[in-house]
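**Student:** Based on the hints, put chain H in the right spot on chain F.
If you want the building blocks of each chain, they are given just below.
There are 2 protein chains.
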Amino acid sequence: MKRTYSVILTFLIILLSFISIGIVVAQKSEVSQAPNGIKLPAGYKNWRLISSTHRTDNNTLRVILGNDIAVQAARSGYTIPWPDGSFIAKLVWKDVTHEQWPDATIPGTFVHAEFMIKDAKKYSVTGGWGFARWLGMEQKPYGKDAGFVQECYSCHVPMKHNDYVFTHPAITP
Amino acid sequence: MKRTYSVILTFLIILLSFISIGIVVAQKSEVSQAPNGIKLPAGYKNWRLISSTHRTDNNTLRVILGNDIAVQAARSGYTIPWPDGSFIAKLVWKDVTHEQWPDATIPGTFVHAEFMIKDAKKYSVTGGWGFARWLGMEQKPYGKDAGFVQECYSCHVPMKHNDYVFTHPAITP
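Residue numbers (the working numbering), protein chains in the order written: chain F, 887 to 1059; chain H, 887 to 1059.
A couple of the hints might just be wrong.
For chains that are exact copies, the list does not tell them apart, and a pair is met inside one copy or across any two.
Calculated cross-link-like contacts (lysine-lysine; reagent style DSS-like; alpha-carbon spacing at most 30 angstroms) [claimed, not checked]:
| # | residue 1 | residue 2 |
| --- | --- | --- |
| 1 | 1026 | 925 |
| 2 | 1030 | 1008 |
| 3 | 931 | 1046 |
| 4 | 980 | 931 |
The hints are simulated quantities; they were obtained by calculation from the structure and are not laboratory data.
Here chain F stands alone, though its shape is the one from the complex (with noise of 0.2 angstroms):
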């Protein structure tokens, strides 16, 4: 009898644990990847801060962030070029008027988020970018196929001089 219910006991911790792993993975596996390959950075939103933007031809407040080598390297002033393994990600906004201040615009629907990855090996045809984009709340990858990056890059051009980077890092004390 106790031999038993050592086979049931272990047979449920097994199945538990397949379960449990289905679980994680579908978790893991919930945004799919873009055209071009890159994964959705994981914790992009814990970042820390290199800059805003607010632009009035399509009505959205953008925050910039950076995982730590893009931060470092924006306070540091090191940012033509950004070293390698420098991730930016601006998250987007469509803009809202405040409710209790009329001349302020607060961030409103959610539009995307997107990245500029630093390989200059890698990404090399595209300034040595790396481009991604999802797209709304359900995250959804931006383009048809992997060509969606030349679209990037185009818009990128005027910014060479910049390291091909829009983003221009806020002054802090």
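**Tutor:** Chain H only, in chain F's frame:
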């Protein structure tokens, strides 16, 4: 002779220790505390993102960061009221036009960093919030005396329904 050297060496070590301590103290006390006794929160530039705003009445871009307690509250939606221990920082820059994107404004001169510190008991007279602001790159404390908080508080009263906070945490996936 050996003894004399030993005494001189000991004296020099003690002297250097005092000089080092002096330098550390001088660096730490570089930024004066606010007239109400609030000290500039250390490492606030490394806090995580809560939101961003743009104001056209004074042409400023603002990024709102929070300490761990505030960010956790913001992400889980428990901000009415914000929990004790929440620190909210607002970093403010004069906006300037991007050199390659005329419809985009980006952070220019740093204006100030201002803080709201939640302690329902300690700051019960001002809605449970301690207010402080440091001006410019030199981080000069704002306010002639401790009474300056009345100015902050009275401006925040219209946001009583939102625990006296203008910021609405930006929605992210």
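**Student:** Look at each hint and say if it fits the structure.
**Tutor:** Evaluated hints:
1. 1026 / 925: within (12 angstroms within a copy, 44 angstroms between copies)
2. 1030 / 1008: Only inside one copy: residue 1030 and residue 1008 sit 21 angstroms apart there, 56 angstroms across copies, limit 30 angstroms.
3. 931 / 1046: Result: close both inside a copy and across copies, 27 angstroms intra and 28 angstroms inter.
4. 980 / 931: For residue 980 and residue 931, the Cα distance is within 30 angstroms both inside one copy (18 angstroms) and across copies (25 angstroms).
The structure agrees with every numbered hint stated previously.
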